[in-house]
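Novice: Okay, here's what each chain looks like letter by letter:
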Amino acid sequence: MTWLLEYYNYRIVAQYLGRFAEGLSNTLTAAGVSLVLSLLLGTFVALALLSNRTGLRKPVEGYVAFVRATPLLVQIYLVYYGLPALLPFAKSWNDMYFGIAALTLNSAPYMGEIIRAGIESVPHGQIEGAKAVGMNYGQRMRHVVLPQAFANTLPPLIGQTAVLIKDTSLLSIITVFEFTSAGILLNSERVRPNESFLTIALGYLLIYLLILLLSRGVKQWLAGPAWNAQG
Amino acid sequence: MLERYWSITSSLLPFLWKGFLETLYVSLVAIVAGSLIGAVIGLVRSQRVPVLTGLFGLYIHVLRGTPFLVQLYVFYFVLPNTGVSWLSWDSRTAAFVALSVYTSSYVAEIVKGAIEAVPRGQSEAATALGMNRLQRLWYVVIPQALKLTVPPMSGVYVMIIKSTAILSVVGISELTRQGEVSILRFPRDVLFIYGLIAFIYFLYCYPVLRFARWAERRVGAARIVDLD
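Keeping their order, the protein sequence lines are chains A and B.
For what it's worth, my numbering labels the leading residue of the first sequence as 1, then goes sequentially.
For what it's worth, my numbering labels the leading residue of the second sequence as 232, then goes sequentially.
It is worth saying that the hints were derived from the structure and are not from the lab.
These numbers come from a predicted model, not from an experiment.
Cβ atoms here follow ideal geometry from the backbone N, Cα and C, with glycine treated the same way.
Hints should not be assumed to be uniformly reliable.
Among the chain A residues that face chain B by a calculated CB cut under 10 Å, a handful are [unchecked claim]:
(1) 72
(2) 167
(3) 183
(4) 198
Per the computed footprint, the stretches of chain B lying under chain A, defined by three or more beta-carbons under 8 Å from a beta-carbon of chain A, are [said to hold, decoys possible]:
(5) 263-276
(6) 293-302
(7) 308-315
(8) 386-394
(9) 397-404
Please build the complete structure, drawing on both the sequences and the hints.
Specialist: Next up, the structure:
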């Protein structure tokens with residue numbers, strides 16, 4: 001194994017294991033909190049995009065267009081420098097909060113688009129059928145529309161979550177100590193690019209593979225006849 | 232106030248313009264080079280060539296499963312460190328190659344999806360006419376598949392333009408980097424300068440996004456790529 005040490009000294013990586021774990025936990029925290037918040041904001045975006053009220057729909061459309069047509073890195077800078085100017089209480093926030101705010105604002109339009117498509121994918125005949133058997137609005141939503149929308153929404157939402165986790169790497173630029181930062185730290189202290197960057201690349205790849213497995217599992221689970229309008 | 236912003240804008244504009252040209256240049260290089268590499272990989276994968284299909288599948292998963300920032304660090308720090316002489320490139324080459332390779336992984340899946348989305352009957356009919364595999368691809372399948380790639384390729388183009396901002400991290404003088412340098416001159420106007428930068432990106436990306444949506448409606452929004 002000595003030949004390996006020259007290219008990839010796992011002993012150095014082992015010394016930094018604590019820092020990698022700390023970074024990984026911050027990455028998962030940032031991604032997890034942003035996921036929940038962006039699902040909430042995304043639901044609002046979806047409802048606003050489906051709304052007939054122009055006064056509500058137009059501003060949300062503008063926000064969606066802005067997020068989709070500008071780089072995440074620039075959005076992170078805008079939040080990082082803009083939020084303290086906008087909200088006085090944000091001045092005392094640590095970098096992680098700004099990171100989560102930026103990721104949430106960036107991810108919500110994509111989540112919203114998926115949720116909107118999910119709601120629209122439920123055929124209108126389903127709602128009419130539910131009305132015909134005497135269901136009220138709440139029953140129609142609970143028993144007919146939402147289960148089918150959920151089945152159509154879950155796979156792309158999982159895909160978007162994978163994107164969100166990868167996007168957390170940009171938080172290293174506003175000095176959040178996440179997974180990529182751990183690699184940068186190792187490289188700046190020991191000047192070992194292989195051990196630094198191949199390790200984090202492998203880490204992200206493992207997370208991605210887990211999500212890929214989850215996504216396949218979910219697709220199989222949802223393939224049951226009860227979830228599909230066509231079945 | 233407005234006058235102040237106007238004077239900042241007019242004094243920065245030539246400088247930001249230079250950055251925009253670099254952004255334009257690197258995004259065009261990446262879309263062209265990435266499409267060429269991606270087309271070959273996608274074609275090979277759609278034909279299920281043994282061994283190669285699996286290897287390229289690994290290539291695509293590695294590139295799509297890791298953040299572009301990390302890939303950029305690998306191209307910038309790790310590869311020049313391998314001792315292979317032609318890999319000891321400068322930061323600009325590293326950035327251009329990294330973005331092109333990243334692009335190719337998305338293009339490959341689009342090309343594969345488009346080729347597989349052309350109805351099988353087309354290829355079978357061509358076989359019945361006595362065409363061989365290459366003729367079927369070249370004269371029948373690819374011309375039809377090409378149309379299907381237009382909407383998702385526009386989406387990838389927007390993604391590349393946005394990813395070029397990350398190249399500022401390794402010191403490429405593109406738009407975001409020029410913005411960061413501008414802030415040294417006007418440190419009190421950080422927010423305004425980033426707003427200006429965002430606006431310039433918007434002017435570049437938004438027409439492409441509109442085109443993508445228009446193309447999607449024309450082509451009939453065939454979902455040819457599973458993004459997982």
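Novice: Would you mind marking each hint as holding or not holding in the structure?
Specialist: Taking the hints in turn, this is what the structure says about them:
Evaluation of the residue 72 of chain A hint against chain B yields a held restraint, the C-beta minimum of about 7 Å falling below 10 Å. Of the supplied interface hints, the one on residue 167 of chain A holds, with its beta-carbon coming within about 7 Å of a beta-carbon of chain B, less than 10 Å. Contact between residue 183 of chain A and chain B, as hinted, is supported at the beta carbon level, the nearest pair being about 7 Å apart and thus within 10 Å. The restraint placing residue 198 of chain A at the interface with chain B holds, with a minimum CB-CB distance near 6 Å, inside the 10 Å limit.
For the segment 263-276 of chain B, the assignment as covered by chain A is violated, since 0 residues bring a beta-carbon within under 8 Å of that chain's beta-carbons and 3 are needed. Check on the segment 293-302 of chain B: 9 of its residues sit with their Cβ under 8 Å from a Cβ of chain A, so the three-residue criterion for coverage holds. Here the segment 308-315 of chain B counts 3 residues with a CB under 8 Å from a CB of chain A, which clears the bar of 3, and the coverage holds. With 4 residues having a Cβ less than 8 Å from any Cβ of chain A, the segment 386-394 of chain B passes the three-residue criterion, so the hint holds.
For the segment 397-404 of chain B, the stated coverage by chain A is satisfied: 3 residues place a CB nearer than 8 Å to a CB of that chain, which reaches the threshold of 3.
Checked against the numbered hints above, the structure violates only hint 5.
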